[in-house]
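S.K.: Each protein sequence line maps, in turn, to chains E and F. The end of the first sequence is residue 180 by the numbering used here, with every number in the run present. The end of the second sequence is residue 104 by the numbering used here, with every number in the run present.
Possibly wrong hints are sitting among the right ones.
[Stated by the list, open to error] In silico BS3-like pairs for lysine-lysine, Cα to Cα no more than 27 Å straight-line:
1. E/Lys6 to F/Lys34
2. E/Lys167 to E/Lys124
3. F/Lys34 to E/Lys167
4. E/Lys159 to E/Lys124
[Unchecked claim] Selected chain E positions facing chain F (Cβ under 8 Å, derived; list incomplete):
5. Gln10
6. Tyr27
7. His37
8. Leu49
9. Gln50
10. Glu61
11. Tyr83
12. Ile135
13. Ile162
14. Ile166
15. Leu169
16. Ile172
Hints in this document: simulated from the structure, not taken from any laboratory. Where is the CB? At the ideal position from N, CA and C, for every residue including glycine.
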Amino acid sequence: MEELSKTKAQLDAEFSELYRSHLRDVYSYSYYRVGNHHDAEDLTEQTFLQAYRHFERAQRESDGRPLRPWLIRIAHNLAANHYRYRLRRPQAPLEESAPVAALHSTEELVAGRDELARVLDGVKRLPDDRREALIMRFSLGMDNREIARALGRSDGATKVLIHRAIKQLEEIVALAEEHG
Amino acid sequence: MSSGHEAGGLEPLLARVFPPVEPPADLSTRVMDKLQSISDHAAGELEGWELAAMRDPRNWVRPALALVGGTAAGAGLVLLRLHQRHRGRGGADDGATQVDGSEH
Numbered sequence: 001m002e003e004l005s006k007t008k009a010q011l012d013a014e015f016s017e018l019y020r021s022h023l024r025d026v027y028s029y030s031y032y033r034v035g036n037h038h039d040a041e042d043l044t045e046q047t048f049l050q051a052y053r054h055f056e057r058a059q060r061e062s063d064g065r066p067l068r069p070w071l072i073r074i075a076h077n078l079a080a081n082h083y084r085y086r087l088r089r090p091q092a093p094l095e096e097s098a099p100v101a102a103l104h105s106t107e108e109l110v111a112g113r114d115e116l117a118r119v120l121d122g123v124k125r126l127p128d129d130r131r132e133a134l135i136m137r138f139s140l141g142m143d144n145r146e147i148a149r150a151l152g153r154s155d156g157a158t159k160v161l162i163h164r165a166i167k168q169l170e171e172i173v174a175l176a177e178e179h180g
Numbered sequence: 001m002s003s004g005h006e007a008g009g010l011e012p013l014l015a016r017v018f019p020p021v022e023p024p025a026d027l028s029t030r031v032m033d034k035l036q037s038i039s040d041h042a043a044g045e046l047e048g049w050e051l052a053a054m055r056d057p058r059n060w061v062r063p064a065l066a067l068v069g070g071t072a073a074g075a076g077l078v079l080l081r082l083h084q085r086h087r088g089r090g091g092a093d094d095g096a097t098q099v100d101g102s103e104h
């Protein structure tokens with residue numbers, strides 16, 4: 001009943017707090033999904049605008065659980081739309097916007113950090129859903145339950161997804177070491 | 001499989017592969033300004049809509065009908081009460097007559 005009687009000013013204040021707390025998470029996730037700062041800014045903005053429109057309902061339905069997975073789920077869906085749009089109207093090959101490598105300077109990768117380079121390369125070869133789960137885990141520090149809510153999967157399926165992602169990455173890296 | 005990556009060997013590397021990315025300084029202000037303008041616009045629209053709606057005579061029909069309907073319902077209720085009260089008094093009189101009649 002208290003939730004229902006919240007004033008607009010209260011809702012706005014709570015949304016501002018949510019925004020301040022999770023701007024970096026949404027931006028990081030967006031950046032790793034779309035691969036460049038320009039699109040990441042757009043995606044972050046769209047995520048928060050969409051979140052604002054549905055904030056009251058999300059609060060009611062969350063039963064007091066944190067709203068970060070909900071925000072990341074919005075960004076996740078918008079990023080998927082972004083990719084579909086890019087695939088229909090390609091402007092630049094998706095390979096060119098490799099987001100992960102872009103964050104690491106050539107010097108960093110060359111200066112005795114072969115292993116990091118192999119992991120970077122391995123991450124790019126993972127299926128999308130496995131890479132997305134790893135971004136949530138390692139960039140945003142989300143636990144299995146949060147990732148499950150963001151991806152719309154069960155806790156068990158998410159645990160398996162992350163386990164398989166790491167396992168596959170280990171195999172790719174090991175193979176690269178053998179051949180390197 | 002390389003043993004070097006077993007049991008969390010890869011996980012510290014993954015944390016380095018995916019460092020959090022700081023948003024540009026102006027993004028925060030830009031998004032907040034946009035949200036504020038949406039919020040203000042929504043509030044303004046609502047107030048404006050209510051006032052504008054009452055200036056348009058076409059929108060007077062519903063309130064007028066509601067007023068007429070409410071008045072008619074109220075009047076009906078008053079009449080019904082009066083009628084019931086009247087019948088009640090009449091019934092009491094009839095009873096009295098009957099009692100009187102049976103006594104005689």
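S.K.: All hints are to be evaluated individually against the structure, with a verdict given for each.
M.R.: Hints, one by one, checked against the model:
| no. | hint | in the structure |
| --- | --- | --- |
| 1 | E/Lys6 to F/Lys34 | holds (22 Å) |
| 2 | E/Lys167 to E/Lys124 | holds (15 Å) |
| 3 | F/Lys34 to E/Lys167 | violated (43 Å) |
| 4 | E/Lys159 to E/Lys124 | holds (21 Å) |
| 5 | Gln10 | violated (12 Å) |
| 6 | Tyr27 | holds (4 Å) |
| 7 | His37 | holds (7 Å) |
| 8 | Leu49 | holds (7 Å) |
| 9 | Gln50 | violated (11 Å) |
| 10 | Glu61 | violated (21 Å) |
| 11 | Tyr83 | violated (18 Å) |
| 12 | Ile135 | holds (6 Å) |
| 13 | Ile162 | violated (10 Å) |
| 14 | Ile166 | holds (6 Å) |
| 15 | Leu169 | holds (6 Å) |
| 16 | Ile172 | violated (10 Å) |
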